[in-house]
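Enquirer: What follows is each chain in one-letter form.
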Amino acid sequence: MKSLPPTASRPPLKFRLPTAENLVPIRLDIEIDGQRLKDAFTWNPSDPDSDVAVFARRTVKDLKLPPAFVTQIGQSINSQLAEFRSYEGQEMYTGEKIVPIKLDLRVNRTIIRDQFLWDLNNFESDPEEFARSLCRDMGITDPEVGPAIAVAIREQLFEVAIQNVTSARETRVGKKGRRGSEFVTASKSSGAALDVVKFFGNKASVIRKRKEWDVYEPIVDLLSAEEAEALDAREERNARMKKKLDDKDEGYSSRFIRG
Amino acid sequence: MMMQGAEDGSTHPDDSDLDLYTIPNYSSWFSWDEIHDTEKLHHPEFFNNSSLSKNPRVYKQYRDFIINKYREDPSRRLTFTEVRKSLIGDVSGLHKVFQSLDRWGLINFGAPPPPPSDDDDVGDEGEKEDCVVKFDEGPPNGIRVVEYPGSTKSVGPATSASESGNDDGSAGTFRLPPLTSYSDAFDGIFCDNCGDKWSVNYYESSKDYSVICLKCFQNQNFRKGNSAQDYKHIEPNTIPISRRWTDEENTLLLEAVMKYGDDWSLVAQHVITKTKLDCILRIIELPFGEHILGLPGEKADVRSMSNIVNNVKPAEVSVVEVTKTEEQNKEITEEQDKEVTAHAEDEMTSSPPQKRRRSSSFVDDGDSFMKQVALLSTSMGPQVAAAAAKAAVTALCNEIPSAEMIFSLDDNNEPKEFLLVKDPEGGKPEDSETLGHGTERTSGPSTIQLRAAVATALGAAAAHSKLLADQEEREIEQLMATVIELQMRKLRYKVKYFEELESIMKMEYEQIEKMKQSIISERIDVLRKVFRAGISRWKDHTPVKPPAIQ
Numbered sequence: 001m002k003s004l005p006p007t008a009s010r011p012p013l014k015f016r017l018p019t020a021e022n023l024v025p026i027r028l029d030i031e032i033d034g035q036r037l038k039d040a041f042t043w044n045p046s047d048p049d050s051d052v053a054v055f056a057r058r059t060v061k062d063l064k065l066p067p068a069f070v071t072q073i074g075q076s077i078n079s080q081l082a083e084f085r086s087y088e089g090q091e092m093y094t095g096e097k098i099v100p101i102k103l104d105l106r107v108n109r110t111i112i113r114d115q116f117l118w119d120l121n122n123f124e125s126d127p128e129e130f131a132r133s134l135c136r137d138m139g140i141t142d143p144e145v146g147p148a149i150a151v152a153i154r155e156q157l158f159e160v161a162i163q164n165v166t167s168a169r170e171t172r173v174g175k176k177g178r179r180g181s182e183f184v185t186a187s188k189s190s191g192a193a194l195d196v197v198k199f200f201g202n203k204a205s206v207i208r209k210r211k212e213w214d215v216y217e218p219i220v221d222l223l224s225a226e227e228a229e230a231l232d233a234r235e236e237r238n239a240r241m242k243k244k245l246d247d248k249d250e251g252y253s254s255r256f257i258r259g
Numbered sequence: 001m002m003m004q005g006a007e008d009g010s011t012h013p014d015d016s017d018l019d020l021y022t023i024p025n026y027s028s029w030f031s032w033d034e035i036h037d038t039e040k041l042h043h044p045e046f047f048n049n050s051s052l053s054k055n056p057r058v059y060k061q062y063r064d065f066i067i068n069k070y071r072e073d074p075s076r077r078l079t080f081t082e083v084r085k086s087l088i089g090d091v092s093g094l095h096k097v098f099q100s101l102d103r104w105g106l107i108n109f110g111a112p113p114p115p116p117s118d119d120d121d122v123g124d125e126g127e128k129e130d131c132v133v134k135f136d137e138g139p140p141n142g143i144r145v146v147e148y149p150g151s152t153k154s155v156g157p158a159t160s161a162s163e164s165g166n167d168d169g170s171a172g173t174f175r176l177p178p179l180t181s182y183s184d185a186f187d188g189i190f191c192d193n194c195g196d197k198w199s200v201n202y203y204e205s206s207k208d209y210s211v212i213c214l215k216c217f218q219n220q221n222f223r224k225g226n227s228a229q230d231y232k233h234i235e236p237n238t239i240p241i242s243r244r245w246t247d248e249e250n251t252l253l254l255e256a257v258m259k260y261g262d263d264w265s266l267v268a269q270h271v272i273t274k275t276k277l278d279c280i281l282r283i284i285e286l287p288f289g290e291h292i293l294g295l296p297g298e299k300a301d302v303r304s305m306s307n308i309v310n311n312v313k314p315a316e317v318s319v320v321e322v323t324k325t326e327e328q329n330k331e332i333t334e335e336q337d338k339e340v341t342a343h344a345e346d347e348m349t350s351s352p353p354q355k356r357r358r359s360s361s362f363v364d365d366g367d368s369f370m371k372q373v374a375l376l377s378t379s380m381g382p383q384v385a386a387a388a389a390k391a392a393v394t395a396l397c398n399e400i401p402s403a404e405m406i407f408s409l410d411d412n413n414e415p416k417e418f419l420l421v422k423d424p425e426g427g428k429p430e431d432s433e434t435l436g437h438g439t440e441r442t443s444g445p446s447t448i449q450l451r452a453a454v455a456t457a458l459g460a461a462a463a464h465s466k467l468l469a470d471q472e473e474r475e476i477e478q479l480m481a482t483v484i485e486l487q488m489r490k491l492r493y494k495v496k497y498f499e500e501l502e503s504i505m506k507m508e509y510e511q512i513e514k515m516k517q518s519i520i521s522e523r524i525d526v527l528r529k530v531f532r533a534g535i536s537r538w539k540d541h542t543p544v545k546p547p548a549i550q
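As they're listed, the protein sequences go chains X and A. Just so you know, full-length UniProt numbering puts 177 at position 177 of the first sequence, and the rest follows in order with no gaps. Just so you know, full-length UniProt numbering puts 419 at position 419 of the second sequence, and the rest follows in order with no gaps.
Source of the hints: derived by calculation from the structure; they are not laboratory data. Please read these numbers as outputs of a predicted model, since none were measured by experiment. Treat the hints loosely; a few may be bogus.
A few chain A residues facing chain X, derived, Cβ under 8 angstroms [stated by the list, open to error]:
| # | residue |
| --- | --- |
| 1 | Ser51 |
| 2 | Leu52 |
| 3 | Thr79 |
| 4 | Arg84 |
| 5 | Gly89 |
| 6 | Asp90 |
| 7 | Val91 |
Computed cross-link-like contacts, PhoX-like style, restricted to lysine-lysine with a CA-CA straight-line distance of at most 20 angstroms [said to hold, decoys possible]:
| # | chain 1 | residue 1 | chain 2 | residue 2 |
| --- | --- | --- | --- | --- |
| 8 | X | Lys243 | X | Lys38 |
| 9 | A | Lys85 | X | Lys211 |
| 10 | A | Lys516 | A | Lys494 |
| 11 | A | Lys494 | A | Lys466 |
| 12 | A | Lys390 | A | Lys466 |
| 13 | A | Lys516 | X | Lys209 |
| 14 | A | Lys40 | A | Lys60 |
| 15 | X | Lys211 | A | Lys69 |
| 16 | X | Lys209 | A | Lys60 |
| 17 | A | Lys516 | A | Lys506 |
| 18 | A | Lys506 | A | Lys494 |
| 19 | A | Lys85 | X | Lys102 |
| 20 | A | Lys85 | X | Lys209 |
| 21 | X | Lys38 | X | Lys64 |
| 22 | X | Lys242 | X | Lys102 |
| 23 | X | Lys38 | X | Lys61 |
| 24 | A | Lys69 | A | Lys85 |
| 25 | X | Lys242 | X | Lys38 |
C-beta atoms are modelled at their ideal positions from N, C-alpha and C, and glycine is treated no differently.
Isolated chain A (complex conformation):
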């Protein structure tokens, strides 16, 4: 906007004492007379007394000089090199001051942007524009180390460092800082639309979490069912923490959870490449995540409850009035009771998942008896099933001696198969199959076999139900314990309040006693006065009424 003036040569023709300078809105804090906090924040070295050569006075001189220098001719770009020759001091410090003034638009705001190439006769080859950029690439042309031949990616000047770092250490990439090469190493982020790899700038849909690249977004190539509003722009610096989880990360996460429990900041530290939130999301996503978290979660519940109780205590103690506290006490105990029940309900619903799964499947599957047997036996461990089968067989053998023949015949192959197949693989399907096979193959003496199977199933079911019952019992016990504990606490509170009440009563009693004393002494006083006044003696015999009543 002020370029016109620059070409004319005379920038401010009507120079009066008051010039109007444009500075950007965001630098409105600036004032000639004082140093703003922003500046102090940017240049702590001038304000923390660390160096003789850097103090607020010097800073202000630097700043004022640079801005004045620029305002001598606001239409041209002031360069650092131009400024530093006139200022005494550390060039690095000066450069920092200059840079921040430049960034805040206090200088060079109206000036034309830095020229891409100089129009002097400096440039020798025809690559004028490229030359300026080339500084970023590092070492001089003559000795520049070229990229590895294997890398097929096109290497931009800014990313060349990270790319080369990526190429020579693909095994060790996990340790590299996420900004440089994490996304490169682990496939980066691909545009779901055009399939291109975009690791710098992308948009993410809030609907189906599809990711599209900048180009697709600009061309409005959205995925089905998404509109522009659904897409959220993801900043470059948030990207390196990709949402894809690698195996290493998963194991790290599990390790961390085992080690630190639900201290997520520690977990995130252990996983390194993921944030706290990511870790939590992931552990929930994992099929067994709930199970892992189950135990610490319950503990946390109990803890929080005791916290509540603890918090309540001091608040109550300070109250003196008896009736009120009792009301409160009631309220609180009621609350606690509610919480206990809620807690119990919680535990019922959030009880170990395997329990629910098994019982429901048991109810669902009612078509074939054999199936049920198989199902029942699968629902417990192979050892339990085997033990149940053995028990059933021995029971049958005791009952019917002839059965022993049948089983002893089969003993050589079947039961062994039973145990051998199941144990190493730990696979439940085999277990049920062998059971099924066994009953089908030898269909001759099927009654005994059937009975054996039934007995096995019943035994297994009984064992299982025993297990469940035990579990339930333990839970009940635990709940009872908490309930009792809470009741105890409640009683203790009550006792305490009664004690308090007692003490208050005692105090009152004492006060009354005192009053009694004082009244007696008053009475004696009055009597004495009466004696001195020499009132007739006939009153001596009868107790004297106090004067107030007279």
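Looking at chain X on its own, in the form it has when it is part of the complex:
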């Protein structure tokens, strides 16, 4: 096993999410006239673009939102899809890479914290299935938790995939030799990635040390209705404060530039 480094033989891949289905995570957070829509879901980038408008219209109709939301939703989805597509067609560095995925979510009244490892070269992985089995195993009954977990996983995978593209590009510009490129990518992009050789080398055991079990174990908390409301309120407040701060910041910086 050791004698054949599989990374060397693998051809470079075109950019995509490292999962079985190439679905793009989309997150909506739109506020118009005091009404706020927060949502997260996945989108198939090969669907026709016209579906976005249809989706937006239907969403607004179903949720009985004011019609102003239609364009906002459409724009938001389109811009996120455009970002995804801007990477499409580029080469993605697919070395040996296993990254830790960390979850820290609150969905309605369920809080879930978790950490696990994800192989970026496993193109059969299925975040949705993983989320489903997590919910089943943890006895989570809120149907919105599963999809939220899956979207969270996809968002992190998306980010790592973008990193892979950029690092691949850098190495191509920087050095041409294969050895050099491997070296550079390994040192550059694997800030968080796992040292594969250390964990899967000939001597290492893949059984985790007992004291680390807690770190990689999901923690699920169920809030009472009051707690959830309080948290909602606090988040709202924080968001507003942040927005204000941002505005101020912007104003400040613009002034600074002008001055």
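Knowing the structure of chain X, use the given hints to seat chain A on it.
Expert: Coordinates of chain A only, in the frame set by chain X:
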């Protein structure tokens, strides 16, 4: 069965080193010491060297750990989430390993089935059982897109995707993959008993191909003349290819047959929604299917025959003994002859259907002369009949000048009607009717008319028989050609064998010559020896007999 132990808390009170664990019969391949081929098949990623983090050693560690973990307490259900915290590695890969172990019953076999709802205080509303199922429906409650208002079908959670796909693209449904909506789009399968639509599970009778649903089968509501044995259960995944043929499919099929001939796999590909077998069955069912297939079929026959001949050749060439090969040769030619005759017979029987049909109908229908005329004229193309009629009329006109009057009178309406009515419609019934009308209406100078009709009929019949004769002749020619060809081949074989024989004879001749030479040289040798030995000279005059004979 082991639930009892679980409630007691102590699962294996008499724990010795050797525990007895139950695993299902179908997993008897499992062994701690090695990795079975089944596992390699299920998890190729661990064995094809594709990744550093996935190798057989790692797989074995994963597997052993998970099974051991379960066997710490076989009475409770081991969950994936519980396992993954203790194992380093890609969770998706781990999940796959866990799933297959679970499926093979190597873990969780004795454990209670997964609980439909948790008995903790997690469930908030009263819909505890539903909640678990709800994950399958996809997006959260808040933004779930409801079904189209137009769809009247009750939508189950599992089929909702296919249904919605079906609703918004009824024109394009043909392109959808068969599993999702094909049967929905094309009426699906209806139970012949209760009329309900069943697209998932049904039974089909081998007697009259009636289809009944699962419910009817279970209630033993069979159709008349069928019993439980006649019904065959049709698996869900074979259903989408329904036996009903739509117009589009028919045209596609015909197109494909025209294009690819009898290459059925290509045809099936072209039709998309049907299997190879379905296509063949359908083309046979179609009224003109035989006709379409007639030509390629004949070609195939010829081809196969030449194949046989080709196959025979090398086998024979290798044989050396002359007499034997000749016998074989005879046998083979006999076989070939037989085949030729069989082939000829085949062709006789499978000759274009229209020929048989016409001749038989001609014999059958002998009651009325007019009818026969009509029939005869229908049996060929309208143009042929018209031409025959014209010819007959002109012949009559030449014979009897007065007839010209009659025909020229009628010329204005009748013959024109003749030609005009027939041609655009191409309909043969009109043709015969006009003929009949013409003769009946003008019953005055009926003799001439009758003669004209008779002449027409005879002319038409003659033309037709000429046609048939030509066809027959061509067939005969073709057959003769094949026969001659085969004879030629036979002769060629014979010539070849004679040549071989000749060469063998030559060789033999040479050998004999050599022997002759050697005998002569021996004789000279002997003579020399005799000379040296100084035997009396009187023998010089007479040829010396070889010592062996002495």
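Enquirer: Run every hint past the structure and note whether it holds.
Expert: Structure-based check of all given hints:
Because the smallest distance between the Cβ of Ser51 of chain A and any Cβ of chain X comes to about 6 angstroms, under 8 angstroms, the interface hint for this residue holds. Look at Leu52 of chain A: its Cβ gets to within about 5 angstroms of chain X, closer than 8 angstroms, so that hint holds up. Taken as an interface hint, Thr79 of chain A checks out: its beta carbon lies about 4 angstroms from the nearest beta carbon of chain X, inside 8 angstroms. Interface hint status for Arg84 of chain A: upheld, as the beta-carbon distance to the closest one in chain X is roughly 6 angstroms, under 8 angstroms.
With 8 angstroms as the threshold, the beta carbon of Gly89 of chain A comes within range of chain X, its nearest partner Cβ sitting at about 6 angstroms, so the hint holds. Checking Asp90 of chain A against chain X: minimum C-beta separation of about 3 angstroms stays under 8 angstroms; hint holds. Because the beta carbon of Val91 of chain A sits about 5 angstroms from the nearest beta carbon in chain X, less than 8 angstroms, this interface hint is met. For the hint linking Lys243 of chain X to Lys38 of chain X, the alpha-carbon distance of about 16 angstroms falls within 20 angstroms, and the restraint holds.
Pair hint Lys85 of chain A plus Lys211 of chain X holds up; C-alpha atoms about 11 angstroms apart against a cutoff of 20 angstroms. Among the hinted pairs, Lys516 of chain A with Lys494 of chain A is inconsistent with the structure: their alpha-carbon atoms are about 32 angstroms apart, more than 20 angstroms. For the hint pairing Lys494 of chain A with Lys466 of chain A, the CA-to-CA distance comes to about 41 angstroms; that exceeds 20 angstroms, so the pair is violated. A threshold of 20 angstroms between alpha carbons decides the hint, and for Lys390 of chain A with Lys466 of chain A the separation of about 18 angstroms falls inside it, so the pair holds.
Restraint check for Lys516 of chain A and Lys209 of chain X: not satisfied, since their Cα atoms lie roughly 99 angstroms apart, outside the 20 angstroms limit. Among the hinted pairs, Lys40 of chain A with Lys60 of chain A is consistent with the structure: their alpha-carbon atoms are about 11 angstroms apart, no more than 20 angstroms. Between Lys211 of chain X and Lys69 of chain A, the direct Cα distance comes to roughly 17 angstroms. Compliance with the 20 angstroms bound is thereby established for this hinted pair. This hinted pair checks out: Lys209 of chain X and Lys60 of chain A have alpha carbons roughly 18 angstroms apart, not beyond 20 angstroms.
A distance of roughly 15 angstroms separates the Cα atoms of Lys516 of chain A and Lys506 of chain A; the hinted pair therefore holds under the 20 angstroms criterion. Using a Cα cut-off of 20 angstroms, the hinted pair Lys506 of chain A and Lys494 of chain A holds, with the two alpha carbons roughly 18 angstroms apart. At roughly 13 angstroms between alpha-carbon atoms, Lys85 of chain A and Lys102 of chain X fall within 20 angstroms of each other, so this suggested pair holds. Taking the CA atoms of Lys85 of chain A and Lys209 of chain X, the gap is near 10 angstroms; set against the 20 angstroms cutoff, the hint holds.
Distance hint between Lys38 of chain X and Lys64 of chain X is fulfilled; the C-alpha atoms sit about 14 angstroms from each other, no more than 20 angstroms. Distance check on the hinted pair: Lys242 of chain X and Lys102 of chain X sit about 24 angstroms apart at the alpha-carbon level, beyond 20 angstroms; violated. About 16 angstroms separates the Cα atoms of Lys38 of chain X and Lys61 of chain X, which keeps this hinted pair within 20 angstroms; it holds. Between Lys69 of chain A and Lys85 of chain A the alpha-carbon distance is near 12 angstroms, which keeps this suggested pair within the 20 angstroms criterion.
This hinted pair checks out: Lys242 of chain X and Lys38 of chain X have alpha carbons roughly 17 angstroms apart, not beyond 20 angstroms.
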